[in-house]
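The listed protein sequences correspond, in order, to chains A and B. When you read off a place in the first sequence, starting at 1, and then add 511, the result is the number in our numbering. When you read off a place in the second sequence, starting at 1, and then add 403, the result is the number in our numbering.
Accuracy of the hints is not assured; some may be wrong.
Stated by the list, open to error - Stretches of chain A that chain B covers, calculated by requiring three or more beta carbons in the stretch to come under 8 Å of a beta carbon on chain B:
id	stretch
1	671-684
2	691-705
To be verified - Cross-link-like lysine to aspartate or glutamate pairs, in silico, EDC-like; alpha carbons within 16 Å at most:
id	chain 1	residue 1	chain 2	residue 2
3	A	Lys689	B	Asp463
4	B	Lys439	B	Glu599
5	B	Lys501	A	Glu680
No wet-lab data here; the hints were simulated from the structure. No residue lacks a Cβ here, since even glycine has one placed at the ideal position from N, Cα and C.
Single-letter residue listing:
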Amino acid sequence: MTRATQKKIVQFAGFLSLRLATVLVLAILVLFLYDIVKKGGGVISWEFLSTAPRKGMTQGGIFPAIVGTFFVTIITAVLAIPLGMCAAIYLNEYARQNVLTRLIRLSIRNLSGVPSIVYGLFGVILFVNALKFGTSILSAGLTLGLMTLPWTITASEEALKAIPNSYREGALALGATKWQMIRTNVLPYAVPGMLTGTVLGLARAAGETAPIMFTGAAFFLPYLPKSLSDQFMALPYHLYIMSTQHHAILQVRPIAYGTALVLIALVLGLNMTAVIFRYRLRRKYR
Amino acid sequence: MSSEDLKIKLQAQNLDFYYGANRALKNVTIDCYVNKVTALIGPSGCGKSTFIRTFNRMNDLIPGTRVEGRILLDDKDINDPDVDVVELRRRVGMVFQKPNPFPKSIFDNIAYGLRINGMRDKRKLEEVAERSLRGAALWDEVKDRLDENAFALSGGQQQRLCIARSLAVEPEVILFDEPCSAIDPIATAKVEDLIEKLKTRYTVVIVTHNMQQAARVSDYTAFMMLGELVEFDVTEKIFTNPSNKLTEDYITGRFG
Numbered sequence: 512m513t514r515a516t517q518k519k520i521v522q523f524a525g526f527l528s529l530r531l532a533t534v535l536v537l538a539i540l541v542l543f544l545y546d547i548v549k550k551g552g553g554v555i556s557w558e559f560l561s562t563a564p565r566k567g568m569t570q571g572g573i574f575p576a577i578v579g580t581f582f583v584t585i586i587t588a589v590l591a592i593p594l595g596m597c598a599a600i601y602l603n604e605y606a607r608q609n610v611l612t613r614l615i616r617l618s619i620r621n622l623s624g625v626p627s628i629v630y631g632l633f634g635v636i637l638f639v640n641a642l643k644f645g646t647s648i649l650s651a652g653l654t655l656g657l658m659t660l661p662w663t664i665t666a667s668e669e670a671l672k673a674i675p676n677s678y679r680e681g682a683l684a685l686g687a688t689k690w691q692m693i694r695t696n697v698l699p700y701a702v703p704g705m706l707t708g709t710v711l712g713l714a715r716a717a718g719e720t721a722p723i724m725f726t727g728a729a730f731f732l733p734y735l736p737k738s739l740s741d742q743f744m745a746l747p748y749h750l751y752i753m754s755t756q757h758h759a760i761l762q763v764r765p766i767a768y769g770t771a772l773v774l775i776a777l778v779l780g781l782n783m784t785a786v787i788f789r790y791r792l793r794r795k796y797r
Numbered sequence: 404m405s406s407e408d409l410k411i412k413l414q415a416q417n418l419d420f421y422y423g424a425n426r427a428l429k430n431v432t433i434d435c436y437v438n439k440v441t442a443l444i445g446p447s448g449c450g451k452s453t454f455i456r457t458f459n460r461m462n463d464l465i466p467g468t469r470v471e472g473r474i475l476l477d478d479k480d481i482n483d484p485d486v487d488v489v490e491l492r493r494r495v496g497m498v499f500q501k502p503n504p505f506p507k508s509i510f511d512n513i514a515y516g517l518r519i520n521g522m523r524d525k526r527k528l529e530e531v532a533e534r535s536l537r538g539a540a541l542w543d544e545v546k547d548r549l550d551e552n553a554f555a556l557s558g559g560q561q562q563r564l565c566i567a568r569s570l571a572v573e574p575e576v577i578l579f580d581e582p583c584s585a586i587d588p589i590a591t592a593k594v595e596d597l598i599e600k601l602k603t604r605y606t607v608v609i610v611t612h613n614m615q616q617a618a619r620v621s622d623y624t625a626f627m628m629l630g631e632l633v634e635f636d637v638t639e640k641i642f643t644n645p646s647n648k649l650t651e652d653y654i655t656g657r658f659g
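Produce the entire structure from the sequences given, and follow the hints as far as they go.
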């Protein structure tokens, strides 16, 4: 065998294994989605989406859970988006880059890896007990917000880092103050990236069970949350109940799959929004 | 050095500059005159870019740097605590090595410096935009597409846009930090013509690694090496009859 053929064979084998790995990952994903759509697609109907559970949650829909997840995600966003963006702007643009900021950054990275159940317990201690918000949609939303913050900060900081320094120098050289420079020549170009990362973090929060199960999510509620201090139903928690905690577990299995499908569609929708948003804004500022 | 009616605009006196413990400029002293072009030349790493960036305190942005000695703009030390660095940078404009238009329209690029200083009058902005673009010899090429994104311009046009942008805030001094190193020879010739014209209204300082360029555009030349000023004199003298052996070796191409 000549040296040249040998090189070609090695290259072929290399590409083949890379391609196989990609196909395998996709196949698992497709299989997974197929299973859920097949088993949950049947129960999806207008009634399923728009009515409350009935007869000990063996019949009816998941409307309160959809509403609850929607509102709790809004509270999460209200906490995590402004706070995360501001922290990122401070860390990247203002803070002196020294051991302390490196330590802060490292802690933030580590916080994003803390298991969500730990955030749940922390939420109980801080929001439910210490701040006396009780088990409520407010406590749950704030807990999810805390969990999302490290993601928001990290994504926002990456977006700021991607802005070339020449934009900053150029603005300062024309007599801009630091804040003018940031507001007019950095943020407009960084915000799309910041929001994308943030929405991905929110999508993750919307699908979490552990942080909300002790802080405000309810097993079953005959009414919708009317104030911040009410408890609420949520899709991921509902799914958890339906698939592991219900007394008639086989009977409610289709409802569980239907809930899973709605939850996945919701998260996918949020992620798509982020992608479309980023695409639009990028074109605008190109 | 002859002194026919020369007005000093900008001076460095016994200037030392440190990046942490590393001394990048050593006891540099030069004068830059009104309506003259002063060129800074020298081999890579000699400190010429560091030096020019001390004139508008651009090095403030780099943590761990320190200036010793004095830089006088109209006899006032720009590193004095009572100096407003924002106002200083408006008076001392800078054109960078790589063209750095902002991702905005051509018009908004020019208007940027005025808008951050509170100018809102659309008519006045248009007036200044035209004057600045004419001043940067770019008006005829872009007058019909001021709303287009500045990134659509060629590299040479982008650099002239950046020059126009700094002219718009009416600076007194313009610093050029290797303005032609990222653009082609034809665009370079245009920028050089422009510098020639600009000196009738401004004090110009230019860093260049291209000795022919220094010889063509400048009236005074400072030759620097390893952070030290080797020789500073009228450009013609530096290039025809340098007093220092190192200068002679450098301009005749024996090193660098």
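Inset, instruction - Check each numbered hint from earlier against the structure, then list the numbers of those it violates in ascending order. - result: none
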